[in-house]
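2 protein chains.
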Amino acid sequence: MEPFLKEFSARVGAWLETATTESDVVVSTRIRLARNVEGYPFVGRMRETQAAELADRLREGILGAGFGKDFRYISLRESSRVCRDLLLERHLISRELAGGKLDRGVAFSEPETVGLMVNEEDHLRIQVLLPGFALDEAWSRISAIDRALESRIDFAHRDDFGYLTACPTNIGTGMRVSVMVHLPALGLVEREMKKVFNAAAKTNLAMRGLHGEGTRATGDFYQISNQVTLGRSEESLLSDLGRILPHVLTFERRVREELTKESRAMLEDRIWRSYGLLRNARSISTDEAITSLSAVRLGAYLGLLTDVQPSTLNRLLVLVQPGHLQAKVGRELGPPERDVERAALLRDSFGAGAPPERA
Amino acid sequence: MEPFLKEFSARVGAWLETATTESDVVVSTRIRLARNVEGYPFVGRMRETQAAELADRLREGILGAGFGKDFRYISLRESSRVCRDLLLERHLISRELAGGKLDRGVAFSEPETVGLMVNEEDHLRIQVLLPGFALDEAWSRISAIDRALESRIDFAHRDDFGYLTACPTNIGTGMRVSVMVHLPALGLVEREMKKVFNAAAKTNLAMRGLHGEGTRATGDFYQISNQVTLGRSEESLLSDLGRILPHVLTFERRVREELTKESRAMLEDRIWRSYGLLRNARSISTDEAITSLSAVRLGAYLGLLTDVQPSTLNRLLVLVQPGHLQAKVGRELGPPERDVERAALLRDSFGAGAPPERA
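Respectively, the protein sequence lines represent chains S and P.
Residue numbers for the first sequence follow the numbering used here, beginning at 1 and rising by one.
Residue numbers for the second sequence follow the numbering used here, beginning at 1 and rising by one.
Any given hint might turn out to be false.
[Stated by the list, open to error] Residues of chain P placed beyond 10 Å of chain S at every Cβ, according to the derived structure:
#  : residue
1  : A10
2  : S94
3  : R95
4  : E150
5  : D159
6  : V255
7  : A265
8  : E268
9  : D269
10 : W272
11 : R279
12 : N280
13 : S283
14 : E332
15 : A343
[Said to hold, decoys possible] Simulated pairs of lysine-lysine, DSBU-like, Cα-Cα distance not exceeding 30 Å:
#  : chain 1 : residue 1 : chain 2 : residue 2
16 : S       : K69       : S       : K6
17 : P       : K261      : S       : K328
18 : P       : K328      : S       : K261
19 : S       : K69       : S       : K101
20 : P       : K101      : P       : K328
21 : S       : K328      : S       : K101
Hints listed in this document are in silico derivations from the structure and should not be mistaken for laboratory results.
Note that the structure is a prediction, hence the values are computed from the model and not measured.
Ideal placement from N, C-alpha and C gives every residue a C-beta, glycine not left out.
Taking the hints into account, I'd like the entire structure generated from these sequences.
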């Protein structure tokens, strides 16, 4: 396990901050652009030597583009499994990049708002990930990065198609816009949640739970993103999400208010039980932890739990995951050991004191 | 609702004390004697006027027997439903007495270790209920009461049968001996629990859970009692239970020790989760409360939870029940209201502070 992982696992990306006025519902905003380099086959058809050569070129291109000294590049070829899990849990790399075989890596800024994957499905995938609902800022930042790189790297582009990508669905802008929303109140009222699923489907937006589209997400954290990009401009992709999201936000907030008035006892019970669970369990799975953190997050934003900070809860959504727990402890752990470590982390985080003496 | 119920509901019987060395497993010991009065038909065949006359006679007989000034008689004919529930939950009356139609009542001592039901299935049912495992003391106390009453009341008795009772299974001694045991460790290991069920069946002892014989009891609180009384002497009935109970006790303690060593993480997790639930829930059913109290009781006796007193837990087993909650509040409550009151009582009892402000 890489020595830097321990320190690295103790912090999380700035995209988990909770400073914006929409943070009660919108956790984060993400834009990614898919780019490929002229003169190289797509990743799926590259030989190892070509991949290594391109990875070197891209790493140098990125680190030399003047994005600041806090940029770091991690090669995934020799990285440990815990390192890859950690990067995945921080949303810095994809499952595809983690599981790849060729020379590949990720560059990212210190606050982790900018990330660049090398030799994923495309040669380069640029990501900007910001806290709250921030489409405009994300767009202006990713455009600047894209332009800075384009002045140094020859991206594959045709006037009639736009940017060329490995998968035809990405051709054109190569852009995907997505927003992570927390919909715990809608999650309690199935009928209302269905309306949101339907609205998203009608506007060509995908709504993904943990187990794919249209399924209930663990902790009611959903990714809403654009589906079709071919033949669309960047502006129209942004405006699709920009139009629907305020409705989702208003809808979730309205149901929260209704529940507070009409089902207050049920709501308080659910929230306090979750809080009690997080402060007392001696062993807890990732799913149960996230479901409980979700309820406590709702309680914090409704003012029912006054001594819990939403930022703590956002951090924990990442810190309770297996890679982070193993990096914290400094060694690989089996699932039962992780469940015990996770419970200890949660008790510490909520000031529930140290674990009891062991026999 | 009777004015005395509020004060009455705040305390519990002395049989819930936890001073004996067997209190970790044996909650209480109970002996009851069934007696009928010469010259009156059995209760099932009595007219209303006869029942009223007999109830008067027995009340006077009991209160005048010199058992002490702290004896109280409650007539159930005009008592409220909450009052009857309360007496039932305190083990002072049976379901049969609570639901009767004729003039009937119960006399009991202030610490509630002695109780006498009038016009239940038999004219008189005498009960002694003591904390812990106390067969000898219970027997000597109930014998003294029986003798004192017999000197004033003409009990139906035949030299060949013994005491006559309404139900043939009680003829002879009219005695039932039972012990309430808490078997939470055995409850966690089904295979071991089955051995106890089998051992009880082989020695003609009945083992009753909440839902009848041989079923899993809520919170793993079981009543072990003698089955057959006809043709048996008091001494042999006592010795049946006196012989088997130490084995049950040893068995439960051994499994507790094994679990502490071999499944400590699971055990701690279960206990702390229950504790967290009791301290945080805003609404909780009787069953869930008792199941959680059971786990916390185990934790207290294993020294895993050091700031919880077993006596508090025993008291709560009674205080969380519907009659007690309604008497405490001073009015009838529907089930959802009771669940909220129960949760509030539990939070208060475990020092988890007052409920949050209501909107």
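Q.
For a quick check of understanding: which of the numbered hints are violated here, in increasing order?
A. Checked against the structure, the hints that fail are numbers 7, 8, 9, 10, 11, 12, 13 and 15, while the rest are satisfied.
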